[in-house]
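For the record, the sequence lines run as chains C and G.
Sequential numbering from 19 applies to the first sequence in my numbering.
Sequential numbering from 181 applies to the second sequence in my numbering.
Keep in mind that the hints are not guaranteed to be accurate.
Each pair of labels, with its calculated beta carbon distance range [as the list claims (entries may be wrong)]:
id, chain 1, residue 1, chain 2, residue 2, range
1, G, ALA458, C, ALA60, 53 to 63 Å
2, G, ARG393, C, ARG162, 44 to 54 Å
3, C, PRO43, G, ARG465, 34 to 44 Å
4, G, GLU248, C, ARG245, 34 to 44 Å
5, C, GLY194, G, ALA293, 37 to 47 Å
6, C, ALA60, G, ASP209, 33 to 43 Å
7, C, ALA299, G, ARG350, 52 to 62 Å
8, C, ALA60, G, GLY451, 37 to 47 Å
Covered by chain C, according to a simulated footprint, are these stretches of chain G (three or more residues, beta-carbon under 8 Å) [unchecked claim]:
id, region
9, 208 to 222
10, 281 to 291
11, 330 to 337
12, 393 to 401
13, 420 to 427
Quick caveat, the hints were computed from the structure, so don't treat them as lab data.
The model shown is predicted, which means the values in this text are computed figures rather than measured ones.
Just so it is clear, CB atoms sit at the ideal spot from N, CA and C, and this is done for glycine as well.
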Amino acid sequence: MTKTAAVTLASPDVAPPPTERTTTPCPEENELVAFVEARVDAEGRHAIEVHLDQCDACRELLASFAQAHGGAPAADVRPDAAETSVVGRYQLGAEIGRGGMGIVYRAHDPVLDRAVAIKAITSIDPRSRVADSSEYDRLLREARAMARVAHPNVVPVFDAVVEHGSVYLVMELVDGPSLRAHLASTPALSIDDKVALFRAAAAGLAAAHTANVVHRDFKPENVLVGRGGARVTDFGLARPPSKVAAGEGPSSADARWLSTDATRGLAGTPAYLSPEQIDGAGVDARSDQFSFAVALFEALHGTHPFGLGTRGGPTTVSELRAAMNRGPLQGRGAGAVPRWIDDVVRRALSPRPSDRWADMQALARALAQATDGRARSSTRHTAPLAPAPRTPWHPAAHPNAMMRPHLPPRTSSSLGWVIGILVFIAAAGTCTAVGLAAATGPSTSVMVETQIPEETTKQLVAHGVLAKNERPVAFYDESSEHDASSGFVVTSERVSSFSKAKTSSVRLADVVEIKHQSAALGDVIEVSSVKGDRLRMELPLADDAVALVDALEREVKKKKPNVIVRRDAPP
Amino acid sequence: MPEVPEAADASIDGFIAGLGPRGRDLARDTVRAALNGVAATVAADLPALGAPGPSFYDHLGRHLAPAEVEPLTALAEARVSDLYLAASCLEGNEQALTTFRTRYAADITRSLAQVRIASMDADDVMQELLRRLVSGPNPKLASYSGRGDLRTWVRLVTTRALLDIARVKRNAERPTDDSAFDAVAAPNASPELAHFRNRYQREIALATERAARSLSPEERNALREHYALGLTVDQIAAAHGIHRATAARRVQRAREELVHRIKRVLDEDFGLKDRDLASVLELVRSQMHITMERVLAVSGP
């Protein structure tokens, strides 16, 4: 022990002896901890840099510290605007926002001479400070997926730049506040106005879901309200929940103390996470639906649906999770928010994803019906609204030709609409067979084929809907009688909608478009081939395909005993 | 997760008392909820230590009293588990001391491996460092503020202590030779460059020194760390709490700026033109490590 007698540890008020050139006292350890953990403001940072410039001992200390330990374990550092003034071809301007995933800058694109927004994404795990290549890959995949989503309610991604170990997303610059700020600054907004903003956001989310992009972090901060209305941004940037859970450890995540600081609102808390995200379970489009509904509930009622931030509300993540299972609270605005709107939101807040709306489109449609008052009389005292899908083939321009198969409320999402399609086909009365080919194994789709009987074709020709040499590949009439008064027909060349008064045509190419623009069944149906009198549609399945087809078969047999269900091996 | 009992009135009293005048306007229910959160965090992070008593909450209140932000905001940002562990160690709690050793022994070992001290046994140094941290008349751990990660703090404190020892020993054993770099032969320099080096040695040295003096402290620090101390971009980022992209740019810009300013001094002050100027600059660039040794010697304007 005598050898170590020289060991001295500076006490807080006795800093190590300064070297000759030093003019400022050496920073005390807590200050240096704050410096390396990036918790010091610009002025403080500069003061420490000035000291380091003059003090060999402190410079050696930080160098040895970094060489021995590679940095602070919890430091959360981000690219600095002042030092990264050019990204790719873009000139960075002022910082305009800072979020969980990085900093957003105003920037200028000198080639196209326009203002853009650039988001510098902190893609490096701040704990390890090691660039995770799979994380880059994921961010780039998301950026590519986002670039494919073209929708008026989604902030478009123009470009992505990978530089200096960071990913920069170049997006349209939206001049407007976040939805949170907008709601806060216009407290007089009516229920209808609020719902309209959220419906716009729902349309944006739905478009992304169609492109297989899940947002994962929907919250009012990620919706921008500009001249173009409400637009969703920051898709898919949040780290997958399993990684978050793994990094924090189950015990600390469970007991993580929910910040309900009044100045920050519920930002930076798991306030908008779905139960499956908290559980670290699989996340899909229905998780976004839950987050969306939390935000909508909050906007309508002025309180969090599970009491976060209120007296007696949950203070830990595990308590919040338990509250989710008990279901949303009555809500402060219970009197002011119409029941039929509330019902729509509450269904989306179901703890089990399968109990929620089939998809964002179904939710948006239900909201539209609720606010338009169409559903008021029928749903006032009944179960939550069932989605009212439109037919798959009908162009939006002809709403009078719509058929509304009524689905049982709260069916399993994918089961719900697949049955809907079968009911539609059966109700058309012209199909003699519905072929179901169960896709097994890794595939996630079933094939539905329709066949139009000769008799129907003759009648369509007699009505002048089809030319003599034309063969229909799909057909339905609204009345489900053979003497069709209005409906439409698909041939291999075109889609015709018709009514007693007039006949109009849409080219076949438009059918393919329907799957993008329709807000109903059509949007999930791929017209994968039109051959002869057979139209083949591919229906994506969320759940186990075989089990679903079994259920379908039972359901169809029960409801339409005259419909033949044929199960084939996939072609 | 173990069941966490509701915060006792004595704990709330202790916390409010510890805060002093800043605790007066706090609602008891709000404080109770906050302390329940503290208890839950501590129970999850330090299950073996048992629930904190009123004395810890008083200690916590004292810690938060000088904060610039609202006490409960400061509480939300504080490392309560780290503070509890530190406080328990200082009270001599055996379980806490064991936890501290288990958690941070690897960090102290890494500090020791980095700052090697000749003629001293590593185990002895380790024991002495631990002893000085948690016991004695002036235990270092008492100065931990609870605002940063205790692990970062332990890493910095032990590294500093070891460097102090090493410095004392080094100064006693061998004097540093500041002029050593002048004798370094330029590696791989062509005969032509060697000629320029000999001819303009004085000008290069002066220009480099002037240029280095005109850089910002941040730039000089980054250059020294990268070229003289051999830190990687990631290590520079870690030492300064900046993003590695920022660190990389800082080093790159500082180097460009340095060469640019050397060029200006050579041009304007020493009248070097055309081919001579280009050749000397090439020399400066190709021997950046030697150039940087001069930068290292400069501090501040």
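Hints and how they fare:
1. G/ALA458 with C/ALA60: 53 to 63 Å: violated, 38 Å
2. G/ARG393 with C/ARG162: 44 to 54 Å: holds, 48 Å
3. C/PRO43 with G/ARG465: 34 to 44 Å: holds, 38 Å
4. G/GLU248 with C/ARG245: 34 to 44 Å: Given about 39 Å between the Cβ atoms, the range holds.
5. C/GLY194 with G/ALA293: 37 to 47 Å: violated, 54 Å
6. C/ALA60 with G/ASP209: 33 to 43 Å: holds, 38 Å
7. C/ALA299 with G/ARG350: 52 to 62 Å: Distance hint for C/ALA299, G/ARG350 holds at roughly 57 Å.
8. C/ALA60 with G/GLY451: 37 to 47 Å: Since the Cβ atoms of C/ALA60 and G/GLY451 sit about 40 Å apart, the hinted range of 37 to 47 Å holds.
9. 208 to 222: Holds: 7 residues of the region 208 to 222 of chain G have a Cβ under 8 Å from chain C.
10. 281 to 291: Holds, because 3 residues of the region 281 to 291 of chain G bring their Cβ atoms closer than 8 Å to Cβ atoms of chain C.
11. 330 to 337: Coverage by chain C holds here, the residue count being 6 at a Cβ distance below 8 Å.
12. 393 to 401: holds (count 5)
13. 420 to 427: holds (count 7)
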